[in-house]
Amino acid sequence: MEFFIQQFVNGLTLGSIYVLIAVGLTLVMSTMHFANFSHGQFYMLGAYLVGFFMNSYGINFFLALVFTFVITGLIAVGFERISIRPIRVRGLPMIIAGVITIGIAEVLTYGVAALWSADVRGVSSPFISGSLAIGGIYFSKPRIFITIFAFCIIALLFLLIYRTEVGRALRAASEDTEMSALLGINADRIMCLGFFLSCGLAGICGGFMAQILPYTPFIGLSATLKGFVIIVFGGMGSMVGAVLGSYLLGVGEGLLKGYIGGSYGELFFFGILVLMLLTRPGGLLGKVEE
Amino acid sequence: MNRRVEDIFYHLRFILLGLFLVFMFAIPFWAGNFVTHLVAVCCVWVMLTWAYNLLMGYTGLVSIGQAAFFAIGGYTSAILVLKCHFPIYIGILCAVFISGVFSLALGIPSIRTRGIYFAFVTFGLGEVTRLVIEEWESLTGGPFGLPNIPPLFDSLTLSYLLILVLVIFEYLIMQALLRSHVGRSFVSIRNEHLAESVGIDTSHYKIVAFVVSSGFCGLGGALYVHLLGHAYSHLAGFMMTGNMLIYTAIGGAGTFLGPCVAAVFFTILPQIFYPARAYIPFIGAALLIIMLVCLPEGISGIFRDVTLRFVRFLRTLEKSD
Amino acid sequence: MNILEVKNLTKTFVGICALEDVSFNIGENSIVGLIGPNGAGKTTLINCLSKFYHLTRGKIVFKGEDITKLKTFQVCSKGIVRTFQLTSLFETESALGNVLIGQHIHIKRNLWHVLTYTNREQENSVRNAAIEKLEFVGLAGFADKPVSEISHFGRKVLSIAIALATQPKMLLIDEPVAGLDNEETTKVLDLISSIRASGVSVLLIEHNVKAIMSLCDKVIVLNFGRKIAEGTPSEIVNNKEVQKSYLGYA
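Sequences listed follow chains P, W and B, in order.
Counting the first sequence from 1 gives a position; the numbering used here is that position plus 31.
Counting the second sequence from 1 gives a position; the numbering used here is that position plus 202.
Counting the third sequence from 1 gives a position; the numbering used here is that position plus 2.
Simulated from the structure, these hints should not be mistaken for laboratory data.
What you are looking at is a predicted structure, and each value in this text was computed from that prediction instead of being measured.
Hints are not guaranteed to be accurate.
What the hints assert, rightly or not - Only pairs whose alpha carbons sit at most 25 Å apart, straight line, appear in this in silico SDA-like list of lysine to any residue: (1) B:Lys147 x W:Thr518; (2) B:Lys147 x W:Val413; (3) B:Lys110 x W:Thr518; (4) B:Lys110 x W:Leu218; (5) B:Lys171 x B:Val16; (6) B:Lys147 x B:Ile107; (7) B:Lys147 x W:Arg517; (8) B:Lys147 x W:Pro311; (9) B:Lys71 x W:Pro311; (10) B:Lys80 x W:Ile391; (11) B:Lys110 x W:Ala488; (12) B:Lys147 x W:Thr457.
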């Protein structure tokens, strides 16, 4: 029983990490109408940047997260301006943008590998360590901390999206880009902001992950894949679905890892993907389409 | 007057093609083992790139995990030959068959739903295949792979010639398909609503394209592992699919010559610039982005534009006679 | 003899009833006009008839056969083809290429002949038939032109050529003269006349009064998803309800 609770809580931690990834991915898919296959690479970049700031400059964790958020976001926007925006402006099918992100993914992966070497990096300069005992069961403090912090960030994001002008503009642009342009919303800038937020979030997420798991330049793929599966599972276009899906699948993976072990995480997610396609392609909360 | 120029080009193309084929068949007889082996590897990559091109360049379906079939084909042949002691040609036939079956099984649920799901499923497939290969040690030898895979023939010359013949075979099959109603149906997939309104079952043809493409990837995989002598899990990896994608896009999706040239160029490049070979993938990816934004028709587009200008120039010369 | 019978056709989307209880018949060799204010459900009706949408309720009988449950691509082989309001073409192909694709259902699809390169003869006859279709719509010299170089008018008649390549018994045309000048409009209307003369029935969505008056044997009027009138063009023009729905007063 204790084991179950521990694995369950581990799953919640995983879910928290996935939430930051999945919500960003949904944001980009709904406002910009393309799939960002390099999303996981921004997550990976975040891990390296946070490590870099903390180790090379002795900056504290929170400040490092802020720097990482900004820098990751800016790099993302840089790529978007030079490669994705021209596609959108020329009216070409957005699948080309998706293909471009595959190129971006490889550039980032090899760029990071060149700058920082491809070795596995462990958890360096942990922010919090040790474990906490609750009711006789031991929980790892970093994981609890991450779970709570991620939840706060998501709450902040939802506040931004549902209670501010900017958020309203984002939602309008995702519902109907043409109409919102007619209403004076600068679609271009809003999309830029959306992309900045999305990849910045992924970067922060990577920073969190680096506190509890080892990482290499190649962890991006797995993250992107899981992100997409979560979106399909929760329902494309639904932020709430992304949140729900993240925690549900995170817990599922946590339990699976605890009881069966091995690197079957990806297999689990892939199985969910195929299952969803066979039974309910709209996902749990997705919009029903003709 | 204009006809003269066109006739010259028409006959020139056949002469060049003939010379080129003679050259390719003669390679093992004058070049050393190293070069023959390298050209054989190039041929396999051309086979893969054309298979990928069929999917992306004609139907517009972007698969981000075709390398999974490359690996499935390779491992099928390797396992059958090494562990079950089947003859190599059976291994290869089974490789193609198994790749086809897998793609059919996967294609049916993912193609009937929205296009983006196909990209997701193939994306997952590549990674999952790689992981399954790494985990299932008893069958696949785990992360270290399967060494000591016997070559196609004892003589490198014969192995090379077989690969060359199979690449030509692939070309003939694809050209036959693409110049018929099948090819037109593939192209029609780009405007699904219109295609359906004129009676084309787009789901059916998407699956056909996917299975044919995957079958040839499987064939390429089988040939590759026998050429290399070694099979490893990263044959299914993102890098491999990335390569196919890059060669197709840079060469010009929807054409044959461009992707062929790109495949050969990128396969040979790491051998020429050996010390910098780790940077080649980075350059390829950067080039992909640049090409898609600035020169979406790739090398073929450049070649066509240059030829067009040259022909116009020749015509102006003719007129001033 | 009715070529098409539509019975109690109803189509609802989530929360919106786009078509309600629409019933009508179309006789052989006739041209029927479908009019109504924007948003009345005209294109939705065509989408239902060509099975781009599932019907919520109702029945469609074509040449005596119930086609209500068919899949989209199966409708064409029964003899119905439609065009799109926003002219839809295969942008990467030439004009001839577009029509060739349209001939798909009439090609003897033999894989063996394809793979052994023995289908030359069939390909040639298919090509000639495609050129004939281009000539019929007046695009004779445009066969090898890429679609991007064809004018708006050319694109509209090309989409009709593609539809004709399927050798239909019934053609559902959605606003064929939108955006055309007087001369071009006349050409398209003449084209539709000759299509009817060749034995094809036509259901025509149009706003252009001249088109409706000159061409149609019968006119059906939709408003807010309901059929509000059916009759000859002159009856419809004098119908009070129709005047009210279009002009706001009778």
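We went through each hint and held it up to the structure:
no.: 1; hint: B:Lys147 x W:Thr518; verdict: holds (23 Å)
no.: 2; hint: B:Lys147 x W:Val413; verdict: violated (33 Å)
no.: 3; hint: B:Lys110 x W:Thr518; verdict: violated (45 Å)
no.: 4; hint: B:Lys110 x W:Leu218; verdict: violated (36 Å)
no.: 5; hint: B:Lys171 x B:Val16; verdict: violated (34 Å)
no.: 6; hint: B:Lys147 x B:Ile107; verdict: holds (24 Å)
no.: 7; hint: B:Lys147 x W:Arg517; verdict: holds (20 Å)
no.: 8; hint: B:Lys147 x W:Pro311; verdict: violated (38 Å)
no.: 9; hint: B:Lys71 x W:Pro311; verdict: holds (21 Å)
no.: 10; hint: B:Lys80 x W:Ile391; verdict: holds (21 Å)
no.: 11; hint: B:Lys110 x W:Ala488; verdict: violated (46 Å)
no.: 12; hint: B:Lys147 x W:Thr457; verdict: holds (19 Å)
Hint check: violations occur at hints 2, 3, 4, 5, 8, 11; the rest are consistent with the structure.
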